[in-house]
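The task is simple: from the sequences and hints, build the whole structure.
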Amino acid sequence: MKKQEENSLDKLFASLAEPSAQTPSAAYLQDLEVRLDALGQKRRKLLGMWWFWSAFGAILSIGLLAYWQSEASTSTASKPQKVERRTQRFSHANNIKVSTFSLNSSKLNSPKSLNTSILTSFDSHPNISYSKAPNVFSHLQAEGTPITDFLSIEASSLHISVPSDISASPAIEITNDQKVLETNTIAIDTNGLAKANLERTAIMPPHTQKRFTHAIGLQFGVSGIFSSFEVPSTLTTIPEPLTPKEFREWRELGERPTSSWDFNLRYQLFFGKWALQTGLNYLEWGEQYTYEVISVEGTNRYQYIQIPLGLSYQIPMRQILFRPTVGLAMGYGIKRDGAYILPNNNGVAVVEAKKWAANAYAQFELVYQANKQLQFSIAPVLRYSLGKVVDHDDIMNRYQSVGLLTGFSFAF
Amino acid sequence: MMSQEPQTELLQAATSGDRRAQLALYQLCYPVLISTARRYYHNSDEQMTVVNNAFVKVIQYLGQYETGRFLSWVKRIISNEIIDEYRRNKRYHELYKFDAPVEERGSTDFQTDAIFTEEQLQQMLLCLSESARLVFNLFAIEGYSHKEIANMLGVTEETSKWHTKMARKKLKELIIIHYEKTGRKFVG
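Taken in sequence, the protein lines are chains A and B. Residue numbers 8 to 419, in our numbering, belong to the letters of the first sequence in order. Residue numbers 2 to 189, in our numbering, belong to the letters of the second sequence in order.
In case anyone wonders, no lab produced these hints; they're calculated from the structure. This structure is a prediction, so every number in the text was calculated from the model and none was measured. All C-beta atoms, glycine included, are put in the ideal place defined by N, C-alpha and C. Don't take each hint at face value.
Rough simulated footprint, nothing fancy, chain A against chain B, three-plus residues with beta-carbon under 8 Å [to be verified]:
no., segment
1, 17-26
2, 42-53
3, 56-64
4, 132-143
Listed below in structure tokens is the structure:
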């Protein structure tokens, strides 16, 4: 009996399971739109994560490639210096007189092996005395000196020191790299010693200090964005607005900082220790919101493309540079819509941020000078919006952000 | 009467983010969503919140929906959303108070021959305590077993039974009051 009673009661209420035909009101639809927008933002955030790591990988790859190329050219240029240094040491330390021969350029035009038979075919120079210098080449080679660099100098009338004990020399390889040497820098003294300030001027021309140098680079990073808002003394939203104090409390409760990706393409003009910086930056302002009273959550993101203009001062310290920078930037809004709780707690207000927004920034860049051209840097950066980014009746927001940028620049 | 099932094209368009398709799907799901929400909440803001949050989840997980009755799937989502909402608000804590074995009590024999409107039944449900309303809804209307309810809410089966019993008792009282107010008799 009791079971039957329970069943009839349950059955009575089970009829509520069947939905009746109803249509949503405009308030439901408006509320849904906001939630769907927030869902879209979440998805975009995931996409943003993918984009971040892809960009990070690309920048790292480009940086490493630039570094590798830069290192390769530096090491090529430094080879003859080694030849010069070792040749000098050899000449002075052993005081060996060598015979000087004219080198037949036709035999050295292309990379090939220069073996002892070729060397013995050199014509003897009439003005230079000859004395024995046994096993010169093997001595140099034993030290790991690329003697070939010395011999491969390309010139039709080059006089070059060759030890007398030519037969003891192993085969010598000539490569194209040595063509950069200039023949007119070689001097053979009266004792037949090759004096070798030759390569210094040939390969490493005296560095001329430019008045201006330039660099381009990329910076990439993450920032934390902090908003501050003003509440007008009289709220305009109707009906039944909250008091300004209550509205402020609701907003303080519901809004919190958010984070953003930063991406800078930059150009630097150096003059002495000073530098001017400009370029193209991607910047975001915004905040996260969770208005529990109306059960709405999401993130406002105001996206700007901006042109900065900054002044830097460089403080060198060995391979590290400290480069503090201050500057201003003017940005153009590419995404400007945001949502905030209405002052009557009855939904959300959709607002637009300013189309043009300026900000001041300061950064303290720590630069690692990988070589003369390539620099890697890491820089804490502080930005502060100048004026209100959102200025919309009851919603007035300013922003500041603290970020960390990493990147590289290439001097030219 | 259950609303009509959506076409595959509509589901695909909604999954791909077509806002128009999403709103069309919302219109289709709305009767199921709102009728469920009304059984749990009397505050219209709370109803709107749970209906729209559930629909956002429908959109979010639409890619994972494969076959079966779409609106039953939607119904399960809103039920889960309501349970989640209870958990978020920590209201469900009071469920733990009733882990004692169900005490069998004598009850008035009851049969109803009256026809109540949907609104009246909803009003009666809304007079229950939140926990009793949640459990009774899940058991008597949604058709979950006590074991399933216990798993969903993280309570024992005995607790689920206890809340169902309390809900029935309260509903009976409300029906009697209703009869007395309307001057009608009930079979008892």
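Each hint tested on the structure:
| no. | hint | verdict |
| --- | --- | --- |
| 1 | 17-26 | holds (count 4) |
| 2 | 42-53 | holds (count 5) |
| 3 | 56-64 | holds (count 4) |
| 4 | 132-143 | holds (count 5) |
Against the hints set out earlier in the document, no violation occurs for any number.
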